[in-house]
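*Asks:* Take a look at the letters that make up each chain.
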Amino acid sequence: DTGVSQDPRHKITKRGQNVTFRCDPISEHNRLYWYRQTLGQGPEFLTYFQNEAQLEKSRLLSDRFSAERPKGSFSTLEIQRTEQGDSAMYLCASSLGAFNQPQHFGDGTRLSIL
Amino acid sequence: AQRVTQPEKLLSVFKGAPVELKCNYSYSGSPELFWYVQYSRQRLQLLLRHISRESIKGFTADLNKGETSFHLKKPFAQEEDSAMYYCALSGREGAQKLVFGQGTRLTINP
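Residue numbers (the numbering used here), protein chains in the order written: chain G, 1 to 114; chain R, 1 to 110.
A couple of the hints might just be wrong.
Ranges between beta-carbon positions, derived for each pair [as the list claims (entries may be wrong)]:
1. Gly29/R to Gln50/G: 41 to 49 Å
2. Leu10/R to Phe74/G: 31 to 39 Å
3. Glu68/G to Gly66/R: 40 to 48 Å
4. Arg110/G to Lys9/R: 17 to 25 Å
5. Asp63/G to Arg53/R: 39 to 47 Å
None of these hints come from the bench; they were simulated from the model.
In this text, a Cβ means the ideal position worked out from N, Cα and C, and glycines have one as well.
Construct the entire structure; sequences and hints are all you get.
*Replies:* Structure follows, in structure tokens:
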């Protein structure tokens, strides 16, 4: 197992375009998290899935953001009508569902908005 | 409100010197505390968590509920300890999402 995999590693796009990122968690992990990290800050929680159900969303997740995990395996995070402020590193993490199992992070997708 | 504060953005010590990275938290309940580390060109990875009460790579951290702190310590720094360190907390129920501090960049000078 190579751990949590994210694709693409880098995405450069123009303001106003839509982008989609993919996360493949560790295979037996039923919990999946998305975080966003801007320069000089720690990661901030965006949303959480338990299997295919999206159980919590941060207020940071505006209505331009949508995340899915259709079969409880991989997840996608889509940003519509991107803005300059969306430039960040988007991190995915997964964990087992038992009490306080550690979260394992992917390498992230770095988004740059021109 | 849940909050993690790491007062030092940068910390530089000499090899062999003791290291202490500070972390204070605010949480209305009993949180779980973690230290994550990110070495150059690597992904974020768990270093240790208070519930395990273990020493990893010579690092230890003790949860002080009275001072709401979870400082990371190592008696003798090594050059390979140079990295970005993040303190984080999570609740014990629900999503158990992580709340991170802003991180401390530790540099060990030879």
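*Asks:* Would you mind marking each hint as holding or not holding in the structure?
*Replies:* Hint check results:
Checked against the hint of 41 to 49 Å, the pair Gly29/R and Gln50/G fails, with Cβ atoms roughly 21 Å apart. Checked against the hint of 31 to 39 Å, the C-beta distance between Leu10/R and Phe74/G comes to roughly 37 Å, which is consistent with it. Between Glu68/G and Gly66/R the beta carbons are some 44 Å apart, a value that agrees with the proposed interval 40 to 48 Å. As the Cβ distance of Arg110/G to Lys9/R is approximately 21 Å, the hint placing it in 17 to 25 Å holds.
Taken as a hint, the range 39 to 47 Å holds for the pair Asp63/G and Arg53/R, whose Cβ atoms sit roughly 43 Å apart.
Of the numbered hints listed earlier, the single one contradicted by the structure is hint 1.
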